[in-house]
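Turn these sequences into a full structure, and let the hints guide you.
Protein chains: 2
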Amino acid sequence: MSLPAKRPSRAVISIVKPSIDCGQYFIKRVIGEKVDVYAAVFADGHDVVAAEILYKHESDTQWSNARLNLSVNDDWYGSFVVEKQRFYHYKVRAWVDYALNWQSGLIKKALDGQYVQVELNDGLPLLEETLKLIPKSIDSASYDFLKSTVEYIKASDYLKSLEACTSKELKTILEKYPTRKNSVESPEYKIWVDRPKAGFSAWYEFFPRSASPEKGRHGTFKDCEALLPRIADLGFDVLYFPPIHPIGEINRKGKNNSVTSKPGEPGSPWAIGSRFGGHDAIHPELGTLEDYKNLLAKAKEYGIEIAMDLAFQCAPDHPYVKEHPEWFVIKSDGSIQYAENPPKKYQDIYPFNFECDDWQGLWNELLRVVKYWVEQGVTIFRVDNPHTKPFKFWQWLISEIHKTHSDIIFLSEAFTRPKIMHELAKLGFTQSYTYFCWRNTKAELTEYLTELTTTDQREFFRPNFWPNTPDINPWSLQGGNESLFMIRLFLAATLSSNYGIYGPVYEYGIHEPYPGKEEYLNSEKYEIYHWDWTRETRLTVLIRLINQIRKTYKSFQTTYNLTFCPVNDDHLLAYYKGDIETGEHFLMVVNLDHLNSRQGMVRPPFEKMGIPVGTHLLMQDYITGNTWTWYSEYNYVALHPNVPFHLFKISKA
Amino acid sequence: MSLPAKRPSRAVISIVKPSIDCGQYFIKRVIGEKVDVYAAVFADGHDVVAAEILYKHESDTQWSNARLNLSVNDDWYGSFVVEKQRFYHYKVRAWVDYALNWQSGLIKKALDGQYVQVELNDGLPLLEETLKLIPKSIDSASYDFLKSTVEYIKASDYLKSLEACTSKELKTILEKYPTRKNSVESPEYKIWVDRPKAGFSAWYEFFPRSASPEKGRHGTFKDCEALLPRIADLGFDVLYFPPIHPIGEINRKGKNNSVTSKPGEPGSPWAIGSRFGGHDAIHPELGTLEDYKNLLAKAKEYGIEIAMDLAFQCAPDHPYVKEHPEWFVIKSDGSIQYAENPPKKYQDIYPFNFECDDWQGLWNELLRVVKYWVEQGVTIFRVDNPHTKPFKFWQWLISEIHKTHSDIIFLSEAFTRPKIMHELAKLGFTQSYTYFCWRNTKAELTEYLTELTTTDQREFFRPNFWPNTPDINPWSLQGGNESLFMIRLFLAATLSSNYGIYGPVYEYGIHEPYPGKEEYLNSEKYEIYHWDWTRETRLTVLIRLINQIRKTYKSFQTTYNLTFCPVNDDHLLAYYKGDIETGEHFLMVVNLDHLNSRQGMVRPPFEKMGIPVGTHLLMQDYITGNTWTWYSEYNYVALHPNVPFHLFKISKA
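These protein sequence lines are chains V and E, in that order. Using the working numbering, the first residue of the first sequence is number 1, and each one after it goes up by one. Using the working numbering, the first residue of the second sequence is number 1, and each one after it goes up by one.
Incorrect hints may have been included.
What the hints assert, rightly or not - Straight-line C-alpha distance at most 30 Å; calculated DSS-like pairs for lysine-lysine:
| id | chain 1 | residue 1 | chain 2 | residue 2 |
| --- | --- | --- | --- | --- |
| 1 | E | K91 | E | K132 |
| 2 | V | K419 | E | K109 |
| 3 | E | K345 | E | K262 |
| 4 | E | K17 | V | K190 |
| 5 | E | K34 | V | K419 |
| 6 | E | K255 | V | K109 |
| 7 | E | K403 | E | K419 |
| 8 | V | K255 | E | K108 |
| 9 | V | K419 | E | K171 |
| 10 | V | K181 | E | K262 |
| 11 | E | K34 | V | K344 |
| 12 | V | K176 | E | K181 |
| 13 | V | K345 | E | K322 |
| 14 | E | K331 | V | K132 |
| 15 | E | K109 | V | K517 |
| 16 | E | K109 | V | K345 |
| 17 | E | K181 | V | K322 |
| 18 | V | K109 | E | K181 |
| 19 | V | K190 | E | K419 |
| 20 | E | K108 | E | K171 |
| 21 | E | K109 | V | K262 |
| 22 | E | K91 | V | K17 |
| 23 | E | K190 | E | K160 |
| 24 | E | K190 | V | K419 |
| 25 | E | K181 | V | K344 |
| 26 | V | K147 | V | K181 |
| 27 | E | K160 | V | K108 |
| 28 | E | K344 | E | K262 |
| 29 | V | K331 | E | K132 |
| 30 | V | K91 | E | K91 |
| 31 | E | K109 | V | K255 |
Rather than coming from a laboratory, the hints here were simulated on the basis of the structure.
Set out below in structure tokens:
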């Protein structure tokens, strides 16, 4: 290590956050969101140190800067807001601030009664340097103040120069116009900024083949069109269909996932590809490409985007199998390897071999498929089991799509180990399914939400909470208890700004499990259902109400303004959403015990609201319409399973 | 992001530990220490993944490898031992193990009763690849086994090939000879390996000028020589002197740091430089360079190294001030800036201006000084206030010295904010002073030691515990209570493998403070003391005993084998040192209440010792010589302030 060529900075930036895996991955935001930056900054000795954030949009040529403020023990905090989609860059800059340091020492000596003529003179070159930085035409006040300060010193006017040099005004000027001499910069970090829907969305899932109003007829995209007003009225803005491609006929699965199907059984939509085409085709019984595009357009009118399922796997009769057998694993007997998780076999599915010799051909073809659908107007993809395809594949595919279409949202359907789910999120997935289905108790929910909203995960892993999916009929809902259905819906929709339901099944309380499994009996995955879409349940009404509240109040449009509140019952969960900036304050109290009434004393987070403890609060319950006044720090709540939650809008009484 | 040119690995290494600030800094070890490596490793899908550590000494041309074993949730653990001084490199390598994956699937299918002839054939190319990797001459058993396995498959001998392919033997062979196809590697990290003394040392500090046996005479190096047998007998292996250079005569400080000194007052040794020379000279009253070198040599015979104080600052009459005024801050009136911490002034000290225009000249001169003393035989430097000099300076200086002299130990005397102390340690300081002086209660000690021994700090920050120094007469010892002196010594010497005392002051219980400060009244920093070195106190006896125990048992030669043990009294601190590997087990119990007897029930850490709970234990107290048998999980202890600790050697009864 030879002596550096340039005089090294004395300032050190030892930590910058957020920074995911040493800056290897970008963090994520949506337009208008804040980036809170932390930095550990210090220098040797006792000199005054200054630091700032530098940030810019990829289209900017110049950096903007934002203050970093010293808290304690060399911890600095600051923030900035991202206003445009696509990449931002940020870094931290720090320096020993010679001018501020000189002023700080001068003030201490002056207060000590020392004669400081020499010190005043010492400051002259520092002040003259600062003077050069002030744009006289824009900030004449600062310029004039500093100019006369310099003149007082030059004139050896002790009293006037002492007064000016120790003034607050000078401090403000020196802070505003730092010379940044010998500054040091941190590495650069990146932010990917999405459109707002990436951070706030309500998903409704149904099988388009079950959309027909006539029992026994296969549903079509036209039938789906007719349901759009209903979905819009319920307040959903994403409509997600299982795959709409031709369904394989070879080894087609029957009712309840049986290995063979009877003639006429429709098969699983995830077994993609048949003589009617593959991933870029449409299942003939649903309609034509034109029908699908009409549906996309019609949905748009209702403020609804239709999410496409991206399931990169093939039925044995998928055209790829004949055209590109080299894209699959060929066994020693010449057959193509079907999917398996030994000893289990899935003969209706051929997985791609992403490592095959022609991997580049395969990857490019799959990218072509995604681009094709983007060109048809698809804006959201729900990606099926991304964790069974190489991570590098997704990183490449998503970044390729985002190059030209930064609006596209990818939801990762990976229900697997934490690090794998996180890796997918880091690589570019916009939103992710979560463990919400298996977090039921107060302790579980508190721990999980704390992890999601307060650790590094908040920077890259955007949760999307689903109380059920066609694959998951969770233990907790298998009893069919209506309170539990309401509780789980309420939790999903108020804890997470992104949430979704496998809709009709949830609304109508379908709950019978395949014995011993977290799956539905007679799952819609293998058969066509018929729904009476005109029917409304208490769940339907609740969903409409909650979605309305979510749309009206900003507090529910982010997942990251959550604070849990003390309440002295292990079955009562209380949480606050809101902040001083928006001025919105909501308190939710949920009775997690679906069998018994529960009572307790709740403490609203006065500190978060910026309201003194004990201020009288008006509590308007937007669920029941009742209003209470709370007079104390701890306040009584009682919840019966019949309406097992409060959603309070808080205002000063 | 265009398609990568090479087929990307499906394996992902997302975390490697230890890695300090993204690998920006090296970790530290001493010869013979273990490096425990953690990695987060996974791949897409369900395939079997394998991973290993690669490591090598800077002089090695080839990497060695060490196993990484999967624990749970993609967490992998492994370790290796460093055996030579200077830099090591390490990294992690991971891959999808196609052969192991094939065998694992085969076994599951076979156990399920499936006919697996095709699967056996599928394995043939994998096994043939492995066969090529086995050195037949060295490992003929593996080679022969695999060779015949291949032949069974080729001969379609179903039963024999099935037996061989599903065997444990084959698994062991596949693990031992992985093809590592499509592997991925983490970034490289570095370790600096020191000689053993960096990790285990006992320091004794005294002022050589107070070494004279005759009261009123200035002590000399020759007087110090006479004290070596005593220091060695007490069990210390580092003798540290405050600066031995000529002491400034201009603005010399008097008794109790008074601004002016009376004629004959010796001044502070930290005000370096006078007409007799500067940092490369010796204070004439101590002796000559020859005397100093003789002392170093003599000390070596006693197993003692003499640490030099590196205080990079100048008295006003230091030769540099005349020869190189450009190395200091020149004020606007032409005077040289003395040290200050406004409004406080230190007119006897001129700090260097490490940012002066001739900073390279200054830095090179200071490096020359250190090199000069290294050439005279100095092997250990205690660096005075390194945090008031630029971090980059130390990084450069230490690495320059270590290039040619990796034996040199630097102790950082920075009592300041945590991040600054850590930064200095990261930049290369071998050992660091700590907050030990201000950690007195059970909670404080437990928290601090947990931080030092279980967080990232253990990788780079080697604590050196000092109960007192010439600068610190801690509040806790100002009462002069003998029990507290014993307790603090015992804690320092048994909690930290590196410890030291400002010797005679501690042995003889000097404790009177300068009023209102954590400093000594009539501090030896400003005057010459006379000691009756023949005198021994209870402290002297305790020190000798503890140092003897530390030298005898490996358990006390590392700081990182510490476990706190439950004991139900807030003034009793119980901790274990030892491990299964050495087979040594020590339990310390300390009564932190120096005024009252305390009793409680202690639980030895049976799990750490690898001994079933409830095993009868023989507890030999090496302090009192008493022996007890403990029959239970929790065992009774009672400690009186008179002998306020146990040091138990544990063995099975």
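- Which earlier hints can't be squared with this structure? 10, 11, 12, 13, 18, 23 and 27
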